[in-house]
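**Student:** One-letter residues, chain by chain:
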Amino acid sequence: MKIRLHIPDLSKLRVAILHRPHATVQSLRRQCKPIGLDVFDCWPELPPKALAADFVFFDADMGYDAQFPWDAGAAPMPMIALIGSEAPGRIEWSLSQGADAQILKPVGDGGVFSALLIARRAFEVRQSMRDEIGVLRGRLSQRQTVVQAVTLLAAAGSSEDEAYAKLRHLAMARRETIEDAALRVVLDAQNEGGLHDKFGKY
Amino acid sequence: MLAINAINADTSFNFTFETVDRDPEGNIDLYAPLCAEILEDRSVAHVIGCVTSWSRKDVIPILERLGATLWYSLPYEGFEASDHVVYTHACPNQHLLPLLSWALPRFGGRGYLTGSNYIWGWELNRVAREVIQEAGGDVLGERYVALNDINIGHMIEEIRATRPNFVLNSLVGASSYTFLKAFAELAKADSFFTPDNCPVLSCNLTESELVEIGDAAEGLISAGPYFHGARGWPCQGLRNFESSLEAASWAAVMELSQLLQANPGLEGAPISELLSENTHRSMIDVETHHTALPVLIAQVKDGAFQVLEQWQDIPADPYLSHSERRIDIRLPKLRIVK
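Read top to bottom, the protein sequences are chains B and V.
Position 143, counted from 1, in the first sequence is what this note's numbering calls 916; the numbers after and before it change by one each time, with no gaps.
Position 162, counted from 1, in the second sequence is what this note's numbering calls 173; the numbers after and before it change by one each time, with no gaps.
Chain V with its partners taken away, still in its complex shape (with noise of 0.2 Å):
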């Protein structure tokens, strides 16, 4: 909102936006209809939104039945390219996939792998234990718990007997608050577990949720294409956003507004005939809908992320079919043995 704000308020643009919302209030089965709803007005042709892969599926057929654009702003698994979506935050070769590059060599190949029980989880750790294992590092357990559920303690259980060089958490809500908290606990009561010998990482903790996690996100390591006060994408510094869910929503309606402003009389086109008509210069690959993205690694300190290495402009690759659009992972020869 924001954005669409600061889109009417400049008097550069030619139009102004008009805003319908819906709130399907986390709701998966509200989101088609919902969507539908607001599409059914014909005059509305791009949608800003969605959380989960779920809700994303779900109103993808919604789009392709009335020509209308999703631009979707959250770090996803992958393995998608529709005609309809435009996706402005990262995927697996943006995200993941540097994280374990610049992790590996670091902490050391044996890692513990847990999410929650949806495409995500599911997805993001198939990848991870691929790459762990094609390094030469060992997959010391996978666990998973439903949406919501807290009950974590076998996975505190298993990571404290297994002893991993590192955990990736792709927990999400709830259960990623309350598995952080115990393991906060568990590096307390044990100094393996500290950040620094077993650091957590994660792909989808942002600053949006460190007031939940509190003081057991210290030490934290999270890879997205922007943290609080980084310079660069999405515009240079001049503005600073809450995380990189605000920085990625704010990118897509500037996007849509320059190729609406630069493509007049396309205001209510699909977006491939938008992109296609657009000869101007568009940060969205024509034939991914993706974006190129930076890729920054980050730790928490003292309550916020400090970027500790970072990439510009990784192209993405949702198939990961591009080995040139990969970071490599090196491992040391020599391992130190703890």
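Okay, chain B solo, but in the shape it has when bound (with noise of 0.2 Å):
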């Protein structure tokens, strides 16, 4: 039985320095080494192999939008921005970039292995956020569909909240969400016509 631990792991992950090169470039090779780390640098523009990189090591000082092959702020890997000056305006565009942690230039003897472990919960966290609002405002637009079905519901003959009640069942008994259900009965109606015959079925 080989042993899996869920110590952070990091080996045989791709690493990408966007980074012209530097001594900051062979510091940061340095300590990747020890992780485990398969890494690459790149300067000025990240190749189409970073795509497939799980971190990207970026250099804030000197960087601009345009060195990016995705739009500002929507990396899909952990981002790292290499910081040497601590003007407002450059840590602004670092952020602006999804910068998801950070180490300060000159890089010397350590902080690499902490970047990458703060900065990929940053990024886990931020994904998990963006796919529950993505579903959220899913629901929220089919809003008007619920409403609609309530209406189509009730028109046979039932109030609003037993027309309502209903489409909750309806969801239920299907094992699927309200909005589910209710998108379900608008197109039936629509697809059907006779809306009165329809609702008979329900």
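Take the hints with a grain of salt, since some may be wrong.
Claimed, not checked - Listed below are the simulated SDA-like cross-link pairs for lysine to any residue, each with C-alpha atoms no more than 20 Å apart in a straight line:
{"hint": "1", "chain 1": "B", "residue 1": "K806", "chain 2": "B", "residue 2": "S887"}
{"hint": "2", "chain 1": "V", "residue 1": "K68", "chain 2": "V", "residue 2": "L41"}
{"hint": "3", "chain 1": "B", "residue 1": "K806", "chain 2": "V", "residue 2": "R336"}
{"hint": "4", "chain 1": "B", "residue 1": "K806", "chain 2": "V", "residue 2": "L158"}
Stated by the list, open to error - Covered stretches of chain B (chain V as the covering partner; in silico rule of three or more C-beta atoms under 8 Å from a C-beta of chain V):
{"hint": "5", "stretch": "893–901"}
{"hint": "6", "stretch": "935–941"}
Please keep in mind that the hints were generated in silico from the structure rather than gathered at the bench.
Even for Gly, the Cβ is constructed at its ideal location relative to N, Cα and C.
If you follow the hints, you should be able to join the two separate chains into one complex; please do so.
**Tutor:** Shown next, in the form of structure tokens:
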């Protein structure tokens, strides 16, 4: 039995360093090796293979939007800013790129391991919140459909409360969200025509 | 100092070491300033010493600033690979993981974890907890006390109540001695807690502390790269050391001497430069600055450690990121119900 530890295992993960050739890159590379990371550096642009990287370190001092093959703030992996000048403009730009963690330059003997773990956690939190917001937005936009379905069901002769209870019942019976059940009611009604006949079924 | 004297007396080396020593007397805040004091006289390039991880972390920025190297010869908790430190003692894949891989199948997977309140105990127990749970075992308790706190009664009470298969003791100093004495008393009162049935395991106890612990050390099981009398590392049994701490310090001085002998002109160079220029065989891994070490599991019998199991040349994996450097744990599928 191979023991798989939950201790952060970063081995074999790919790291892109977006920085001009410099001692900073050497220090980062040196720190990445004992952790077991697979590192490549590039400048001034991220090559296509960067899309497959698990982490990106980027230069906050000389960086600009066009370096990245994705929209600002939409990086598909955790991003770590390499900050030399702590000028507010540069920090703002790093944040707009979606920096999940930072390391101050000059990069010395440490900092990479903790930056990787902090960035990964921040990225995961951001991703899961983004996913959840997507789901909630979808449900919000379906409110209109729910109102429509209740109205359709009520048109069959029941009160609004009874119609809503009926809709909930339909959703529970099919193990779907109330929004999905509402959408089905509305689509059915549109497809079949003759609303009153239709609601005899429910 | 023994090793340095040996080098200085050895005419095959075309140099001698001159030592500058400072004693921080265990005061954590004195390590960094005293280290700076030693190094500011730029003729000093290598420092041998430090005990706790705190002291090591404190001197690293000074070493970095002045381009010097620390030779650290104590077991530690891993998750570090400084460019300015050479680690000549074991990290967790060379002490804790083999110890658990050996102990779990023998004694069972129900463990109780103790530690002193600082990074050694915290990180060791964190890794131990993961390993035990991953192997299907249980952690019955995890307790810490402040450094040098000897109020350990609550730990003993919890151990008596939970009846684990083993206790992992990552306490240090006086707390550890008091704990071991109290645990030995418990074993006298209740035979469940004898070393055959519920041993105390350690990754930091060596011969250097046995006198202090006395009879209470009987049955204690410890993991390390060397125990008194072992052949093999660091000098193939040609010399006996009191403990692995002395052996690792000896290994550090010998390695430094050989590197300097093989690379004349680099006496004042940082270790990274020394290693990159060096074409001779070195025990130091260029990437991690750690050393491949044997792993010995030993038990105190009649006041001395007796080796029960050993593995050769386990490469260090300070970030526990290379599973091939791990000794696998096998829990028996059928367990004896006691």
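**Student:** Determine for every hint whether it applies to the structure shown.
**Tutor:** So, going through the hints one by one against the coordinates:
A C-alpha spacing of about 15 Å is found between K806 of chain B and S887 of chain B, which places the hinted pair at or below 20 Å, so the restraint holds. A threshold of 20 Å between alpha carbons decides the hint, and for K68 of chain V with L41 of chain V the separation of about 13 Å falls inside it, so the pair holds. With a CA separation close to 15 Å, the supplied pair K806 of chain B and R336 of chain V stays within the 20 Å bound. Only pairs whose Cα atoms come within 20 Å are accepted, and K806 of chain B paired with L158 of chain V is rejected, the gap being roughly 34 Å.
Counting residues of the stretch 893–901 of chain B whose beta carbon lies closer than 8 Å to any beta carbon of chain V gives 0, which falls below the threshold of three, so the coverage claim is violated. Counting residues of the stretch 935–941 of chain B whose CB lies closer than 8 Å to any CB of chain V gives 0, so the stated coverage by that chain is violated, three being the minimum.
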